[in-house]
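Just so you know, the sequences run in chain order A and B. With the first letter of the first sequence counted as 1, position 382 gets the number 382 in my numbering; the numbers rise by one all the way through. With the first letter of the second sequence counted as 1, position 249 gets the number 249 in my numbering; the numbers rise by one all the way through.
Calculated directly from the structure, the hints in this document are not laboratory data. Do not rely on the hints blindly, as some may be mistaken.
[To be verified] Quick list of in silico lysine-lysine cross-link-like pairs, BS3-like style, CA-CA up to 27 Å:
(1) B:Lys138 <-> A:Lys291
(2) B:Lys922 <-> B:Lys947
(3) B:Lys939 <-> A:Lys291
(4) B:Lys939 <-> A:Lys106
(5) B:Lys420 <-> B:Lys138
[As the list claims (entries may be wrong)] Footprint (simulated), chain A over chain B, 3 or more residues, beta carbon under 8 Å:
(6) 641–650
(7) 695–706
(8) 759–773
(9) 820–826
(10) 917–926
[Stated by the list, open to error] One-sided excerpt, in silico: chain A residues whose CB lies under 8 Å from chain B:
(11) Gly77
(12) Tyr161
(13) Asp280
(14) Asn376
(15) Gln379
Glycine residues also receive a C-beta, built at the ideal position from the N, C-alpha and C atoms.
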Amino acid sequence: MGQNNSLFIGGIAHLGNGKKISNSVISIVDGKFDIVADLSKIRIDPEAFDTIYKIYGKHVYPSFIVPNTTLGITEIGQVKATHDFDETGKVNPNIRSIIAYNPQSKIVETVITNGVLLAQVTPNGGLISGQSSVMYLNGWNWEDAVCREDDGIHLHWPSSYYNTGWWAEQGETKKNKKYKKTIKEIHQIFEKSLAYSKGNNIMDLKMESMKGLYNGAKTLYVHANYASDISDAIDVCQLYKIKNVVLVGAEDALKVSDKIKENNISIILNRIHRLPKNEDENIYAPFLQAKQLEELGILYCLSYEGDMEAMGARNLPFTAGTTVAYGLDYESAVQSISLNAAKILGVDNKIGSIEKNKEATFFISEGDALDIRSNNVTQIFIKGKSISTDNHQKRLFEKYRKDK
Amino acid sequence: MRIYITIIFLLLINFADAQKIFPIDGVEETFKPVFALTNATIFTSYNKVIKNGVLLIKDNIIIGVDSNLNIPKGAIVYDLKGDYIYPGFIDLFSDYGIDKSKINHNNNTNKDAYHWNQAIHPEFSTAKIFVSDSENAKKYLNNGFTSVLTHYQDGIFRGTGSLVNLTNKQGDENIILNQGATFYSFSKGTSKQRYPTSRMGSIALIRQTLLDSEWYSNNNRKANISFDSFNKTNLLPKIFDIKTVLNYSRLYKISDEFEIDFIAKGSGDEFVIIDEIIKTKFPLIVPINFPKTYDVTNPDDAQEISLSNLKKWETAPYNLKILNDNNIEFCITSSDLLDKKDFITNLRLAIKKGLPQDIALKSLTSTPAQLLGVENMLGSLEQNKLANFIICSSNIFEDGIIYETWSSGERHIVKEKIKKDIRGYYSLNSDEYKNYLVEISGSKTKPKVKINQIDSSSFITKIDKNKIIISHTNKFRSSSKIYEKNIIGKYQDENGDFHNFVMSFDSNFVTKKENFIQNLDTIVPSIWSPNKSYGLVEKPSEEKIIFRNATIWTNSNLGVIKNSDVAIYKGKILAVGKSLSVGDIFKSDTLNIKIIDASNKHIASGIIDEHSHIAISAGVNESSQAVTAEVSIADVINPFDHNIYRQLAGGVTSSQLLHGSANPIGGQSALIKLRWGATAEEMKIKDSDGFIKFALGENVKQSNWKGTRFPQTRMGVEQVFYDAFYRAKNYQKNWDNYNKLSSRKKRATSPPREDLELNILSEILNNKRFITCHSYVESEINMLMHVADSMGFKVNTFTHILEGYKVADKLYEHGAGGSTFSDWWAYKFEVNDAIPYNASLLNNAKVITAINSDDAEMGRRLNQEAAKAVKYGGSSEEDAWKMVTLNPAKLLHLDNRMGSIETGKDADIVVWSDNPLSIYAKAEKTFIDGRCYFDIDSKNEIENRDKLERNRIIRKLSKSKDKNKIKVKRKEKEKHYHCDTLDHE
């Protein structure tokens, strides 16, 4: 399967960096983007290309990327045998999602067909759940599906408040009395791992895995939602001089936006399609958050964390669409699930936008891919290679449609 | 109405002649002196006062009360000049004197002669486990209570409670009424049986038990101890523990159905639905456990207190005033107070907030006495009544100090009376000090002393009758006696030497007496419906509107029409078409017509969610048994659920609230319109057909959690259905045979026992109730259709039906509709072949197809979910849109009045900013019955109002001087029902 040099002409190109070319020409050479231009402003020699795709009126997008997901390490919600995302134990920085990742998962192939071509496959549970890796949603095995191995460690910050009562007769939220104790534990973990990182020690798997936090090789993903928790988390990260910190969830981010901005911290937002966090919150709050962060100049991307996050990851583009309904500029919404995500996950050097010399990992949709009605992915390319758009569900559809 | 009152008299024991039955160790004290309490202000009843009155008591009885009474010779006289006497308070809701070690509930082994359910024990008698308990009696006596109606607070039918006095005497001597009332609740309490797991299960169990006991008594049966006891105690007052305010309407329905008068033990926040409380006409027993003051010093914490809790904190003290303003009869109880010491404080707070004092007294004395039919003994101070009363320093409702409470003639000292108010200025003289100025301030019972020339601080004294201990630094530690004009005693100086001293009275201390009346604060804060964020101040009005130039999704054969108008009037759609003329359509009624320019807007009928679990209280599943057709979601609608408002903002106007899917035959549904701010009853869609939930597959066979009840396989599920419907057929036959009898023969024959579960199953067989069946895989779908065909009924709707596409032709043939998820799958094994093309495939096969939410979040984006039928499977936009509007209306048999924009249909319409299937569309206005329940233009205004309200109350809280503030308490982060959700109380 040698690489083709191919040319795409006439597409409406959403570059992922906030720019759009309505009548574009895009060329791929050796699996990378080469020409990315306005068709009317450039002369192309078609002879130089093996394949020419005429995609007038169709939309071209860089890969959408779903961060913080169990996609590929879980298959069926209620079948424990298919769960490979939650290791036992509270502190598991050495746990690596990559080796459990199954690119042939039936779910994975239904996600790629909506334009989400990469995922940050992330373990879940405990205080430190382990290390994520950024994976292509295609491959023969995990080894050839990797985009960035062990990109970071996930710390689930304790919550200051917890819920009581039983669900129908609503209880009360109280302050988490274990909060301080857990914070102490976190301090101990960082204190120890920082010390370990400075010397030559006998192999300690957990400490070894955390070394990268101090030299910038790995990102610390801090999952926190309440404003005071976010603020505390930032303080701790500063104290231990952790190089790259990303907030995950961050429902209250607006309340501590100054501090987030000052410390140059970026955010992986909680699922846009969620309910307000309580009965008093603005009913639109989850829909408005992206626009508000955009205005503040904080780097953010969207996730699909929550119930059924693996199978639901295919709806990520539509959550971006919803942010447009609530005020975000369209190209910024595209960016929030492409280049922004690539930056936050540290892979923007090779993917995330349609720009010269980046990997040709992108897709073509018959219509607007952020709108459900018109999201119709007809061609997918990963590193310039065309990928099947078939999946388990389409096969069933075809079978039962024909038989009737 | 209350026929039981006359009966009570028959039960009266001759209390005036109590005799010792127990042998006496020693010599019997036979002498019963007469006590004469003189010169007091006596409230003989809540509305009658005697100044300078005399109260005569002998033994446990009042032998006289008046202003001019001859005091019998030899009477012991207490001069109560300046004091107040009130009738003793009566608490009707108490668990005083319960000896739990004596409780021996039946085990309901189904081999005994009791009711099968452990929570139903009407035979239980609190009198049997009652013991006098002087320690706990004090807690009541100290608050002025002299008798209480006590019962063991456990179970649904709790049995009888006893009215008792609070003396130290033998238990039987304290009992006024062995059986004072019977008690009930919706909570199964300590029962170890599974049934009921939900509130609706409790309601069904109550109804079935009431039916059974009637049937039992009509058939002259006696063997079952529980039914027999229930029937024997049926004429006693029935007191129902409401627990939460929404239970009022639930109880009212039972009361209405069975013609039972209940007395309701309330929740303390009746004000939030006062109109419903008025409607019930229940006399109430109301707690005054007002919410504690929140600590708002940390703004993060304060933010976590919900506005509904803040408003409740502010308004709860007005509850009694509001009840009284609405002429609701009530008693006050000290129950539910975490600390009984708060009772008097809270009572006075209620009075400050506008509860009239006479009503307060009435509700603590004569009302409870009347409700129990013991007004000849208790509730006022009259000759021959029980000597139950309170002695107080002054007005008990303002600042009076309770000195004594007498229960059944037994005196209990609450606080020693301080005869003299010693506060004022004195001159101190001793061999050391000459004319030192002494200032005695503080309260009458706890005076503080300051002798500036010795030390500038004030020192607390200890005062006991006429003795006072003043310790004022080491230079002055004294014990002394109080005389008329001076205080005389000895003090010890710092060297340990004693000195005699005299403090002689100079002048009165000028104290600023708090004027109670001036501190009244009777302006009730605004109460919203519901009383929380986004609550309504008033019900939206019915509007007359023409929307002009809109794109209208008619769902009729007109299709989607552009640049057209729609008019609404009197809750209905009046006309649809181009350039409607006001005169033509509104005729002469043209006043106040709103004309709304809807250019660039889309107007469509409101979304109908065929499968929803929002707005349900206390359990969506009665998961205890395989068949629970007797329970109904309609009994447990929660109109306060804020998801109603959120979904209005998503364009939803109607929902089917379904029972969960824990059992093959679940409970009945409720069909509601999302009339935010209305009551549960008002939300229901009138004259709609009845529906019921069935379920198949993993949930009913308990695959994903521990369970052992039958069935555990799909094979067993089939048998549950056959069994249920054969039972129903047999039941129906019995009734048919009975109903065919001549009226003479009917009288001679006992009717079959009415069974709520089988009633509902018979309705299904008679095409009067319709099934929505939770289903996933084709085998089980096929199976149920076979069961239905062979038993002679139809499955109206298969819901979820994720493999419906595999049997679409069979569904069509059977006549079943499908209500599916747009794209959910992979959450359990049985949904592995679920595909998002399902809706389109079903629709293509002419199956009436809907897309539903089953989820509070998705419920507010159903327009987006419908668009997935366009994306996957290629349905047309109009077809897709019908999947969330007209098609669910058809499945719910509501399409004659909802689901499309056609003249005469309900004005349940939504104005969208864009094509409603577009991801960029927002619902801008949502109308139900022509009333605007959501308007994007007033949303900001409401949010600002909520913010101001929050800040106003928080400011109030931060100024509050309450020392025992409590930390953040927000209503828990919401939990949301799906049909898999199991609940356990």
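Status of the hints after comparison with the structure:
no.: 1; hint: B:Lys138 <-> A:Lys291; verdict: violated, 63 Å
no.: 2; hint: B:Lys922 <-> B:Lys947; verdict: holds, 24 Å
no.: 3; hint: B:Lys939 <-> A:Lys291; verdict: holds, 19 Å
no.: 4; hint: B:Lys939 <-> A:Lys106; verdict: violated, 43 Å
no.: 5; hint: B:Lys420 <-> B:Lys138; verdict: holds, 26 Å
no.: 6; hint: 641–650; verdict: holds (count 5)
no.: 7; hint: 695–706; verdict: holds (count 3)
no.: 8; hint: 759–773; verdict: violated (count 0)
no.: 9; hint: 820–826; verdict: holds (count 4)
no.: 10; hint: 917–926; verdict: holds (count 6)
no.: 11; hint: Gly77; verdict: holds, 4 Å
no.: 12; hint: Tyr161; verdict: holds, 6 Å
no.: 13; hint: Asp280; verdict: holds, 4 Å
no.: 14; hint: Asn376; verdict: holds, 7 Å
no.: 15; hint: Gln379; verdict: violated, 17 Å
Of the numbered hints given earlier, the model fails hints 1, 4, 8, 15; all others are met.
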